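Enquirer: Once you have looked at the hints, place chains L and V on chain D.
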Amino acid sequence: MIANLPFIAIALLIGIAFAIILLKKNMIKMVMGIGIMESAVNLFLITIGYREEGIAPIFTSAPEGSVMVLPTVQALTLTNIVIGVAATALMISMIMIIYKKYGTINSDKMRRLKE
Amino acid sequence: MTSGLIIRTAGRLIVPLIFIFGFYLVAHGHLTPGGGFQGGAVIATGVALILICYYYKDGMEKFSPAKNFKLIEAAGLLLYICTALAGLVVGSSFLFNWLNASGGLFGHAVAYGINAGDLFTAGIIPVLNFAIGIEVFGALSVVILYMFAGLGETTREEDEAPDPALLRKGKKGEKK
Amino acid sequence: MTDSTSIFPKKIVVLLVLLVTLILLLPAAGLTFGDPSTAVTDQYYIQNSQVATGANNVVSAIVFDFRGFDTLGEACVLFVAVLGVAMLFRRVRK
Numbered sequence: 001m002i003a004n005l006p007f008i009a010i011a012l013l014i015g016i017a018f019a020i021i022l023l024k025k026n027m028i029k030m031v032m033g034i035g036i037m038e039s040a041v042n043l044f045l046i047t048i049g050y051r052e053e054g055i056a057p058i059f060t061s062a063p064e065g066s067v068m069v070l071p072t073v074q075a076l077t078l079t080n081i082v083i084g085v086a087a088t089a090l091m092i093s094m095i096m097i098i099y100k101k102y103g104t105i106n107s108d109k110m111r112r113l114k115e
Numbered sequence: 116m117t118s119g120l121i122i123r124t125a126g127r128l129i130v131p132l133i134f135i136f137g138f139y140l141v142a143h144g145h146l147t148p149g150g151g152f153q154g155g156a157v158i159a160t161g162v163a164l165i166l167i168c169y170y171y172k173d174g175m176e177k178f179s180p181a182k183n184f185k186l187i188e189a190a191g192l193l194l195y196i197c198t199a200l201a202g203l204v205v206g207s208s209f210l211f212n213w214l215n216a217s218g219g220l221f222g223h224a225v226a227y228g229i230n231a232g233d234l235f236t237a238g239i240i241p242v243l244n245f246a247i248g249i250e251v252f253g254a255l256s257v258v259i260l261y262m263f264a265g266l267g268e269t270t271r272e273e274d275e276a277p278d279p280a281l282l283r284k285g286k287k288g289e290k291k
Numbered sequence: 292m293t294d295s296t297s298i299f300p301k302k303i304v305v306l307l308v309l310l311v312t313l314i315l316l317l318p319a320a321g322l323t324f325g326d327p328s329t330a331v332t333d334q335y336y337i338q339n340s341q342v343a344t345g346a347n348n349v350v351s352a353i354v355f356d357f358r359g360f361d362t363l364g365e366a367c368v369l370f371v372a373v374l375g376v377a378m379l380f381r382r383v384r385k
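Going line by line, the protein sequences match chains D, L and V. Position one of the first sequence corresponds to residue 1 (the working numbering), numbered consecutively onward. Position one of the second sequence corresponds to residue 116 (the working numbering), numbered consecutively onward. Position one of the third sequence corresponds to residue 292 (the working numbering), numbered consecutively onward.
Hints are supplied without guarantee of correctness; some may be wrong.
Said to hold, decoys possible - Covered stretches of chain L, as calculated for chain D (at least 3 residues, CB under 8 Å):
| hint | region |
| --- | --- |
| 1 | 189-199 |
| 2 | 230-237 |
| 3 | 258-265 |
Hints are computed from structural coordinates only; laboratory data are not their basis. What you are looking at is a predicted structure, and each value in this text was computed from that prediction instead of being measured. A virtual CB, placed ideally from N, CA and C, is assigned to each residue, including glycine.
In isolation and in its complexed conformation, chain D is listed as follows (with noise of 0.2 Å):
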């Protein structure tokens, strides 16, 4: 059991993430709530990924006879991280527009959709 600690703790930062994104009003909150389930998937792309004793799958200077991690995870992984990072930008955005338009960043007060 406490060999799969990184799974578990997988299960407990998205359910955090989860918690926060459904139960936050403030709309920045709920942005970091989405940044921790991408660091959570992440984290769960390269534990899935990750051999005993691996090293870096790269050839140049490598240690002799050592096994390498699985890549195709490691690349899943960058594509997430880039895909975040524009995301996060549209959102964070998409708020500070919120902001100048109605003054607040609460999710219930804005929904009125009058200043």
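Expert: Frame of chain D, contents of chains L and V only:
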């Protein structure tokens, strides 16, 4: 947005080093940890540092205005697509690695297995690395610059103005 | 008024979160950390990336060669997201 003499001097020293490190990450993307995405992000942090050290009007507009970064970003994406399409013309398929083992630029033969690494190997992968590096650098710089402008940055003249109440009135007038 | 959530009552949210967390704990029971069970594709990439692409960095070989289409799409997503940011702030900078 004020910044003191210490920050400005340190920034002037560190920004070139950040650019060089980012360029190294991009150029050695096929040999060492790193690549276009990471190197581009590192270079964009250099742009952010310039923005912190100087005012937009004083520093960034002289260095390069925001619309240049948009062009840089589009150029990176175009370079990627053109390199991929050249594979269709020269070789057999889209994104075909037509430079690999050709003997020309980036076409040296690879020593298989564990080796010390040769910069001019791997065919189109370094080219695509550069394309993605340019694109990510431009994209993140545009995001930083536009968000910074969206905050309603005060200029140095406004910061050095004596009366803060007057300043607030001036800003409200600007919004309309 | 200040605390009421009409769409998501708090108890249901807590139950939902607990359910999701429990479901996500299933991998912890099924998978073993440090020993991936299926690694056929990755083994192929590790063994053939130098022959097929000439890159020492296997991750770079996957991102830019084996899965270059993915990266093209990713770059397009980044481009469109930045376009969105620029459009949102277009009035501020004239």
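Enquirer: Take the hints in turn and mark each one as holding or not.
Expert: Hints versus structure:
{"no.": "1", "hint": "189-199", "result": "violated (count 0)"}
{"no.": "2", "hint": "230-237", "result": "holds (count 3)"}
{"no.": "3", "hint": "258-265", "result": "holds (count 4)"}
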